[in-house]
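K.L.:
With the hints as a guide, bring both chains together as one complex.
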Amino acid sequence: MTMDPQITIARRIAKELRDGMLVNLGIGIPTLVANYVAPGMHIYFQSENGLIGTGPIPQEGLAQARLTDAGGRPVTAIPGACTFDSATSFGLIRGGHVDLTVLGGLQVDEEGHLANWMIPGKMVPGMGGAMDLVTGAKRVIVAMQHTAKGKPKIVRRCTLPITSARPVDLVVTEMAVIALSNGRLRLVETAEGVSVADVQAATEAALEIAPELTSPRR
Amino acid sequence: MQTTTLESAVERIPDGARLMIGGFMGVGTSERLVDELVRQGKKALTVIANDTALPGVGIGKLVTANAVRKVIASHIGLNPETQKKMLAGDLHVELVPQGTLIERIRAGGYGLGGVLTPTGVGTVVEEGKRRIEVDGREYLLETPLRAEFALLHAFLSDYLGNLTYALTARNFNPVVAMAADTVIVDAEHIVPVGVIAPDHVMTPAPLVDYLIAA
Numbered sequence: 001m002t003m004d005p006q007i008t009i010a011r012r013i014a015k016e017l018r019d020g021m022l023v024n025l026g027i028g029i030p031t032l033v034a035n036y037v038a039p040g041m042h043i044y045f046q047s048e049n050g051l052i053g054t055g056p057i058p059q060e061g062l063a064q065a066r067l068t069d070a071g072g073r074p075v076t077a078i079p080g081a082c083t084f085d086s087a088t089s090f091g092l093i094r095g096g097h098v099d100l101t102v103l104g105g106l107q108v109d110e111e112g113h114l115a116n117w118m119i120p121g122k123m124v125p126g127m128g129g130a131m132d133l134v135t136g137a138k139r140v141i142v143a144m145q146h147t148a149k150g151k152p153k154i155v156r157r158c159t160l161p162i163t164s165a166r167p168v169d170l171v172v173t174e175m176a177v178i179a180l181s182n183g184r185l186r187l188v189e190t191a192e193g194v195s196v197a198d199v200q201a202a203t204e205a206a207l208e209i210a211p212e213l214t215s216p217r218r
Numbered sequence: 001m002q003t004t005t006l007e008s009a010v011e012r013i014p015d016g017a018r019l020m021i022g023g024f025m026g027v028g029t030s031e032r033l034v035d036e037l038v039r040q041g042k043k044a045l046t047v048i049a050n051d052t053a054l055p056g057v058g059i060g061k062l063v064t065a066n067a068v069r070k071v072i073a074s075h076i077g078l079n080p081e082t083q084k085k086m087l088a089g090d091l092h093v094e095l096v097p098q099g100t101l102i103e104r105i106r107a108g109g110y111g112l113g114g115v116l117t118p119t120g121v122g123t124v125v126e127e128g129k130r131r132i133e134v135d136g137r138e139y140l141l142e143t144p145l146r147a148e149f150a151l152l153h154a155f156l157s158d159y160l161g162n163l164t165y166a167l168t169a170r171n172f173n174p175v176v177a178m179a180a181d182t183v184i185v186d187a188e189h190i191v192p193v194g195v196i197a198p199d200h201v202m203t204p205a206p207l208v209d210y211l212i213a214a
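For the record, the sequence lines run as chains A and B.
The numbering used here puts the first residue of the first sequence at 1, with every later residue one more than the last.
The numbering used here puts the first residue of the second sequence at 1, with every later residue one more than the last.
The shape of chain B in the complex, shown without the other chains (with noise of 0.2 Å):
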């Protein structure tokens, strides 16, 4: 793990990148991870989260400032500029149920070649996908997914980057720190080593590949 600046950190990513990005209606989204990609006139990322959040708040920002190309997520309804960019083919929506999202992003980490979930059979969602059927009942093949990026945001992290999240704000965050070749983190604090109990800590420090220093 490298301690570095935010400007630095987001200067790795570059354009067309595929990110996941912790966050739940912008709740453990790194705010700052998020200006500086718009500050720096990030283009054409795909951007694979539970949501777009609100204009102005979390990934609802990249929307706003044209630097998604395409979205994969479970929930757009509450970004209207989300919806608005995507009737008019300029975003590229691909909506995947909860459940779904967060297992093939746990399974693209995990070192999985995919889970079978009963959710999305016999709907639209079971397009194009294969059925399977386990002692007598009916799943839908979905497939892993992986990023380039993590952007993540943490509670504490020490100064190993072993991380811990606090109350919602945990959401994706660690699932998607597993499932990207490079970790990013942003941590509300940085404490020394130890503070954090072994049995409390949620992301395992080698996991992080870059901590933003305060």
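Only chain A is shown next, with the shape it has when bound in the complex (with noise of 0.2 Å):
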């Protein structure tokens, strides 16, 4: 069976919540984690723009105008949720009040360094709240597919301008599940059907085998 890889990616980081978390996504495929929250698990998501209880997008017709996510798209707020300005937003950010920031990449180096913000001369759209997401969240885990066009992201080092000297927690990607384990990349999961070398030949950077890496069912 094949899978859409976006939607393996934020099934598997979905296993990552863990009831009353804080939590912050980013625009791509960070946003489609929120679709699977375990049943009866109950999540505070985060949108940097001022709201703690970011519900789904809402019925055509009932969209509130001043609602909206940290793209502007209109959204609801569930039994329970709060909005604030934007520093008090940026205070819970930086503060280390968010439990787990998910967040899409570009690259990702063999030290952890995340660059997910610009290439230069190509695409500058500004780090938004990117930065301070990956500096301050208690943990941070990245969503990206494992190649783009064929070419390795997770490299050697960052030849893009990196989004924080922070390293980043976990990089999930359609392939693997890579660990930060003492400043190094452990490859600690490879998705079904797919081989240690397999994930290798699409990665640049070096990676430790876990010993006790697995292959879990989907």
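Calculated pairs, BS3-like style, for lysine-lysine (alpha carbon to alpha carbon, straight line, at most 27 Å): (1) LYS122/A with LYS129/B; (2) LYS138/A with LYS129/B; (3) LYS70/B with LYS43/B.
Partial list, derived from the structure: chain A residues whose beta carbon lies under 8 Å from chain B: (4) SER47; (5) GLU48; (6) LEU51; (7) THR83; (8) GLY129; (9) THR135; (10) PRO161; (11) ALA165.
Hints are computed from structural coordinates only; laboratory data are not their basis.
Where is the CB? At the ideal position from N, CA and C, for every residue including glycine.
P.N.:
Right, dumping it as structure tokens:
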């Protein structure tokens, strides 16, 4: 069975959620993680434009123009939600109150540095909240496809400008789960039907292979 | 606080002025203040705001109208016109991490000489800045930002100018209200004094200079 790689990634990251966590999801694949929260688990999702308790996209006709996510799209607020200004929002982020952030990535290097905010000369969107999130969240997970146009995104050294000097904690791709362990990248899981050799062939960075390496059934 | 018309509020803003504008992707930005800036043909403005929204929305309209010379923002990625003008050299864009931007504005409004943030240490954001160690951790010294005018969008204003904001339209508004010489407010509803309970006031009335009459 083949599954959309983005969904494979989002479902795997959802397993990292724990009841009661304050979680900030970036745009793209990270946003999909919210679709796979285990039944009965309560997660506080933060939108950095000033909301905790971000709910699903509203039904057609029920959008409220003053209730949006960090991309400016209409969202809902679940019971118990709260709103605040941007200084408070980034105090939550920088101050270590956010338990987990999930962000997209362009490159991750051997030391766990993430580059995800610009391609010099080509794409200069600005860092938005990404630098604060990587620097300040308790745990940082990168959600990205393993390669881009056949080229590895997990590289020896980032050639793109990094987002933070703080290394990420976990990288989840459609092929593998890679953790940062003692400052090095360690392959801890391969996706169903993917071998260690497959992962290594698609990765430029050196990977330690975890002795307890698992290949979960999905 | 004075009530005023939209037209005369915007007439106070000269070409070349430095403005802080509340809003996040246009949510919490006064569209009619922006429209009036464009109508009056303002030029060479410096805009300090989270982003430049989209073409046709909020600050995006100022970019399209070539009213802006410089933008200090955290994100311009959703407005291709901003990127195009930046790459063509027609618009100077200073990109600042969002948490740093709001703290620089807060510092400007709260009388602080800057803030120390770990965000940006070891990245291109560090270039030209002082790195300061406090208790074994490295921080960047980020300097305060102020402006001549702040343009706010509020949900409620009472007759004195006490303000509240709605949901995610609050964002930068209460912070920029502290950091400008002249604060101009567009409120969705103007209500009698007392309708906003003291505990619910988010921006105190003495900060507001001009309230646009409904």
